Amino acid sequence: DARVTQTPRDKVTEMGQEVTMRCQPILGHNTVFWYRQTMMQGLELLAYFRNRAPLDDSGMPKDRFSAEMPDATLATLKIQPSEPRDSAVYFCASGLGVIDRGEAFFGQGTRLTVV
Amino acid sequence: GENVEQHPSTLSVQEGDSAVIKCTYSDSASNYFPWYKQELGKGPQLIIDIRSNVGEKKDQRIAVTLNKTAKHFSLHITETQPEDSAVYFCAASPNYQLIWGAGTKLIIKP
Numbered sequence: 001d002a003r004v005t006q007t008p009r010d011k012v013t014e015m016g017q018e019v020t021m022r023c024q025p026i027l028g029h030n031t032v033f034w035y036r037q038t039m040m041q042g043l044e045l046l047a048y049f050r051n052r053a054p055l056d057d058s059g060m061p062k063d064r065f066s067a068e069m070p071d072a073t074l075a076t077l078k079i080q081p082s083e084p085r086d087s088a089v090y091f092c093a094s095g096l097g098v099i100d101r102g103e104a105f106f107g108q109g110t111r112l113t114v115v
Numbered sequence: 116g117e118n119v120e121q122h123p124s125t126l127s128v129q130e131g132d133s134a135v136i137k138c139t140y141s142d143s144a145s146n147y148f149p150w151y152k153q154e155l156g157k158g159p160q161l162i163i164d165i166r167s168n169v170g171e172k173k174d175q176r177i178a179v180t181l182n183k184t185a186k187h188f189s190l191h192i193t194e195t196q197p198e199d200s201a202v203y204f205c206a207a208s209p210n211y212q213l214i215w216g217a218g219t220k221l222i223i224k225p
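Protein chains in written order, with this note's numbering: chain A, 1 to 115; chain B, 116 to 225.
Fair warning: there could be bad hints in the mix.
Here are the simulated lysine to aspartate or glutamate pairs, EDC-like style, with alpha carbons at most 20 Å apart [as the list claims (entries may be wrong)]:
id	chain 1	residue 1	chain 2	residue 2
1	B	Lys173	A	Glu103
2	A	Lys62	A	Glu18
3	B	Lys186	B	Asp132
4	B	Lys157	A	Asp10
5	B	Lys183	B	Asp142
6	A	Lys78	A	Glu68
7	B	Lys220	A	Asp86
8	B	Lys157	A	Glu44
9	B	Lys172	A	Asp10
10	B	Lys173	B	Asp142
11	B	Lys137	B	Glu117
12	B	Lys157	A	Glu103
Chain B residues, not near chain A, derived (Cβ > 12 Å throughout) [stated by the list, open to error]:
id	residue
13	Ser127
14	Gln212
15	Gly218
For the chain B half of the interface with chain A, some residues (derived, Cβ under 8 Å), not all of them [to be verified]:
id	residue
16	Pro149
17	Leu155
18	Gln160
19	Leu161
20	Lys172
21	Tyr211
22	Trp215
Calculated directly from the structure, the hints in this document are not laboratory data.
All values reported here derive from a predicted model rather than from experimental measurement.
Glycine included, C-beta positions come from ideal geometry on N, C-alpha and C.
Using the sequences and the hints, build the whole thing.
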């Protein structure tokens, strides 16, 4: 069945290292969201793409985070250099068109631990 | 901007009883209100949603009500079962994105 696939599921890295998280949206979906989830802040929107174009990345720390969609089947979120405060679960979600016209389907998440 | 408040943060109910989770929003432009369920180790999953032109929507044991005047909406789960144990999130959408509540941890006691 159709699902959003995220890799890796878990990542432990040392402070200062580059981290790349990948997301394969559901085939045919044209919107992609990156969220970060922590106990303290809940679900935070980091970036939003529609038709592969970044429409909103205001929630993302620009100095170390970057998000791209090299093609319609792949979205990436990079952190360079990583810091302990980046430890969180990162979710990718995909959908069709404007959010109020259909649900956002979430992946299983990438649990990132920066030590 | 939009702000969504969700209560309670934790709710414990006896199996078979009903559970109610409430959310309030601030932006009258919000017109879409989904509810997501998140099980341990998984991503949130949509369980029900409602649009601003509807006051109530029901799907088996789950129902959502919306009061646009008061800017609040609620999730009702009847005849709760052990598999209902999870964290539930409400959200409001004034535009292309979802503004999330902080979540409610629902515990079903046997």
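Find the hints from earlier in the document that the structure breaks and name them by number, from lowest to highest. Violated: hints 3, 7, 9, 10, 14, 15, 17 and 20.
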